[in-house]
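Student: Chain order of the listed sequences is Y and U.
Under this note's numbering, the first residue of the first sequence is numbered 1, with each subsequent residue one higher.
Under this note's numbering, the first residue of the second sequence is numbered 1001, with each subsequent residue one higher.
Please keep in mind that the hints were generated in silico from the structure rather than gathered at the bench.
Honestly, I wouldn't trust all of these hints.
[Unchecked claim] To spell it out: a stretch of chain Y is covered by chain U in this simulated footprint if at least three of its residues, at any positions, have a beta carbon under 8 Å from a beta carbon of chain U; those stretches are:
#	region
1	98-104
2	219-227
3	433-442
4	664-671
[As the list claims (entries may be wrong)] Footprint (simulated), chain Y over chain U, 3 or more residues, beta carbon under 8 Å:
#	region
5	1019-1032
6	1036-1045
7	1071-1082
8	1108-1118
Beta carbons: idealized from backbone N, C-alpha and C, even for Gly.
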Amino acid sequence: MGNGYAGKILVVDLTKRTTSTLNTSDYAEYGGGHGIGSAVFFDLCRDKTVKAFDPGNVLTVMTGPLQGTLTPFASGRCEVQGIAPEGFPVEWYSRSGFGGRFSGQLKFAGWDGIAVTGKADKPVWIDIRDQSVAIRDASPSGDGLWGLDTVEVEKKIYELVRKGDTADWTDYGGSRDSGRSTLNPGVLSCGPAGENLCRAASLIHEGGGGAGQGGFGAVFGSKNLKSISVIGTGSVEIADPKALMGARAWAQASWWDIDNLKPGLPGMYTSRPSGAIGANAAENVAGRDNSCLGCYKSCHGGRNSRGLAPNSSCFDSYYNLQSKFGIQGHTSDNAVTTDRLQRLGINAWEGAIAGPWLVALYKKGILGPGKQIDTKIDFSDYGSEAFNKAFLEAIAYRTDIGKVLGEGAARAALAWGRYEEDTTSGLLAICAHGYAHHYDARTEVEWGFGTALDSRDINEHDIALTLYWYTSMAPLFGVPYIMPAKDLVEMIGSTLLPYKDPMMLDYSDTGIYSDAMVKFVSWHRHYNRFWKQSAIFCDWGVTDWINPYTEGYKGLTPEVEPRFFNAVTGQKLTFEEGMTIGKKIWNLDRAINVLQGRDRDGDALDEWQFTTGAPASHTTYEIPYVMPVFENGEWSYKNVWGRMLDHAKFEDWKTRFYEFEGWDTKTGVPTKETLDKLGLEKVAVELAAAKKI
Amino acid sequence: MTVTLTQPTEEEAALFTRELSHEDCFAGYVFKASGQLVVTVYSLEHAIAFLGQNNTDQTVTPGEQFPGHDVQVAYMQPQALARWIREAIGDVELADAIEAAVAEVPANTGYPPQLHAMRELAAQRLLQCYEVLGIEANGEDRSEGASEQEES
């Protein structure tokens, strides 16, 4: 009987050009994905203070037990970890994730993950065919992969691995039933942006799956690593196939039943005729339902880009909304730009944040030909296809303005002497750590405070989709709420195990600084660290907190997560036990950041969020941003737009958060007692050796 | 019902279609589940393009099917947009028409009908200006068609 794990982790030392293995069982206490990735990083990265582009940086690409199985929302997910060059001013150790089918191929090949250490002396790619691992020449004189964009390189690798025949069976040795495949390998690559050490370079899989935030594409580039390709012809053995299929049938019938669509809620779920979110095969011949491995949700509808598969569907298709040329989010024109972004391997958030800021500087006469910030790129043409080509290629190839912008908007602003002014006014909308404003830190504080405490924009949409997105979309479309605010927060609050406290969801002016919000942000960090980043449930599938398929709209959380996990692993892990593992991983990550120099001052948000209630521009009108608040003894839905954060209150909140987590309240460093209690004794030893505790 | 705006003079048309300075810009707000984005607009044409980023004009009643996570709303508060058109662009008639049209939208029908009214009037004005100035609207969908581009 299996347990979902392949059992081995591949370690590739690019400097020595050697490979070795780790036993997954030595790390199974972390569950999988990011947790195992962090633990492996901790063991293999001897000096955690090295820079992101130092050969000593260790990059881990990890799956977990659920990947490669029929677990929806999880099978195709993969996590990436390492010291992240996008972080500012410190390249904090961080993570990113992507979907598709790379994770499945890795598992089918017999690997739970890959750790890449060192640096190759010339461009290489890693070619994994089941248990056979080769480090191959990617240079122009070798396989000619270096310099290709992310789609070109995948196609080239398909040809190389499948010996030119991508239509028929390819034999990789072994028997008839194991050892051959009709599939292309799963490929993860950096684009030209990564090769040229653009700090916002993404890792791309199949054109539209991307690990965007963190800049891990540039870590590939710094290691002279173009791609990792993997083809697996085995399978994933699980503990209880019947339980897994039962869970899948239950989830599909209870949630996103594409054969039995229920009336949706504004902004929630799907009601597309094709039955798939973001896709419409019936009315757009170029598009089709498009899912990650094992998932039935089909997020990656084909109209936002023309990648290989899965196509782009998220913020990567969002970059061009600033255009004045009427290019809408789903037109073929936007697909061209989205594909360009993906092919070059640039994190779309970077373009989205830098674009309007640079246009403003252009309009102010600061940027332009012969100006203080000199560029030949025509910013009067912003948003056009010609502009996008020139602008994005400048970043990826580090030419013109891209010489500086390739360092990321934050570092560019610093280099141009504009960081303080523009992040105080909000003209440059950085939320924290150099990462773009995403969801509003002032209103939706679990996102903002979580980001301040973490290493990057947290990008976790769970509560955002229910208590901001749904609650704002309903009035925007004139639709009555499904229930009063009191009932909604009590329904969701009952799932916040082990606390079950609806006050954790109070987004009033006082509620955001309350002890209950301390508890919620802590819960949110632990929940995401384990269930979404280590068990690796997709952020767009789990958490389920409002569900039109169930009685009373009650979502499937907290039942859905352990039900799948236990069916695959054979464990009897409770939701709360998963939360404890999440706390352990959260503290491990924190300790790594502390070794890098993280302290209380590093838990910060950029200043504009304390100085203005307006968005990062000139809008002063009220925008619907409706959330639940508890005021005067009653729950209600209230527009909390326009709120500014308060430094003193935030600092006081941080102190109470540290105390709640078991961290030193002056420094924000986990105490020895806390680490020991979590089973992180060796982490405590390393912190003590570094005189951090 | 959409009013017909007075044909602008050549001078007015040039005024209404000019690109503004950063100090006079306006901003829209894109609601999208994957993230939020403030879009700074510098001209009437740009504002219309922004309003076209909306991917549904659907007015919803309970029990209806409705675009889910992929719904995208291009939000400009109607009164604020009218004020910007009046004060920054200088088109008093269009501003008044937008305010009047939005005021006629029945309560509790939400934002989509308001957006539709704003976009229709602004697009009418832009096409008038193009005509007066002899500018041929290109094939890019800048106005009316924008409402049809996405719904599917």
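Student: Does the structure break any of the earlier hints, and which numbers would those be?
Tutor: Violated: hints 1, 2 and 4.
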